[in-house]
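J.: For reference, the chains in residue letters:
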Amino acid sequence: SQTIHQWPATLVQPVGSPLSLECTVEGTSNPNLYWYRQAAGRGLQLLFYSVGIGQISSEVPQNLSASRPQDRQFILSSKKLLLSDSGFYLCAWSRGGANYGYTFGSGTRLTVV
Amino acid sequence: GIQVEQSPPDLILQEGANSTLRCNFSDSVNNLQWFHQNPWGQLINLFYIPSGTKQNGRLSATTVATERYSLLYISSSQTTDSGVYFCAVEVYSGGYQKVTFGIGTKLQVIP
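Top line first, the protein sequences correspond to chains A and B.
Those letters in the first sequence? Residues 3 to 115, by the numbering used here.
Those letters in the second sequence? Residues 148 to 258, by the numbering used here.
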């Protein structure tokens with residue numbers, strides 16, 4: 003069966019420090035991978051998606067970047083965190099092609115202080 | 148882009164009560180999912196339901212794609228049902244599924 007792992011679960015970082023959040027998927031190959039952010043309140047905002055190694059698309063301009071160095075690894079990064087980067091970050095995967103749903107990781111709660 | 152509206156935004160239920168959550172969407176979609184986000188933030192897939200009706204225990208969902216809405220029914224609610232329920236619609240385009248979430252219905256079940 004497929005599983006998705008995301009870490010760390012919580013993170014407190016000072017403004018201006020770098021960020022690296024990791025997400026890995028097991029039990030499948032060539033998944034579509036996604037990073038979402040959920041700010042205060044409820045909305046989920048798509049940040050990045052990837053349909054293959056080295057292929058990253060950004061939905062919104064921001065202080066963050068993403069990379070996919072391996073087929074089942076998706077990394078969210080920042081060189082210098084801002085206060086506004088605080089939030090709950092969720093990684094998700096889906097099979098390529100239509101008619102497959104999303105499965106989410108357990109999320110990382112980031113607080114920038 | 149596609150708009151997804153969920154109602155009600157907030158709901159308080161007495162334990163044991165039934166409820167219906169609604170999701171309206173503005174355009175044709177390839178698929179629709181219902182998620183439950185528990186108090187710890189974990190998003191759990193409840194139903195993957197592009198059309199028709201599905202049931203899983205006390206929960207059931209119905210999607211009428213031609214009329215662009217979906218309903219989530221919770222029967223005999225329990226305190227563990229508390230959390231936020233999201234509807235997410237999926238449009239397949241350019242090799243990936245673009246998923247748009249509603250803002251959710253926050254449910255609180257009180258004993």
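Since the hints were made in silico from the structure, they are not lab data.
Just so you know, these numbers come straight off a predicted model, no measurement behind them.
Glycine included, every Cβ here is placed at the ideal spot set by N, Cα and C.
It cannot be assumed that every hint is accurate.
[What the hints assert, rightly or not] Using 35 Å as the maximum straight-line C-alpha spacing, the simulated DSBU-like pairs for lysine-lysine come out as follows:
| # | chain 1 | residue 1 | chain 2 | residue 2 |
| --- | --- | --- | --- | --- |
| 1 | B | 201 | B | 245 |
| 2 | B | 201 | A | 82 |
| 3 | B | 201 | A | 81 |
| 4 | B | 253 | B | 201 |
| 5 | B | 253 | A | 82 |
[Said to hold, decoys possible] Quick look at which bits of chain A chain B covers, simulated, 3 or more residues with Cβ under 8 Å:
| # | segment |
| --- | --- |
| 6 | 45-58 |
| 7 | 74-84 |
J.: Run every hint past the structure and note whether it holds.
T.: Taking the hints in turn, this is what the structure says about them:
A threshold of 35 Å between alpha carbons decides the hint, and for residue 201(B) with residue 245(B) the separation of about 23 Å falls inside it, so the pair holds. A distance of roughly 46 Å separates the Cα atoms of residue 201(B) and residue 82(A); the hinted pair therefore is violated under the 35 Å criterion. About 45 Å separates the Cα atoms of residue 201(B) and residue 81(A), which puts this hinted pair outside 35 Å; it is violated. Distance check on the hinted pair: residue 253(B) and residue 201(B) sit about 22 Å apart at the alpha-carbon level, within 35 Å; holds.
For the proposed pair residue 253(B) and residue 82(A), the alpha carbon gap of about 34 Å is at most 35 Å, so the pair holds. Only when three residues or more bring their CB closer than 8 Å to a CB of chain B does the claim for the segment 45-58 of chain A stand; here the count is 5, and the claim holds. As drawn, the segment 74-84 of chain A meets chain B at 0 residues by the rule of a beta-carbon pair under 8 Å; below three, the given contact is violated.
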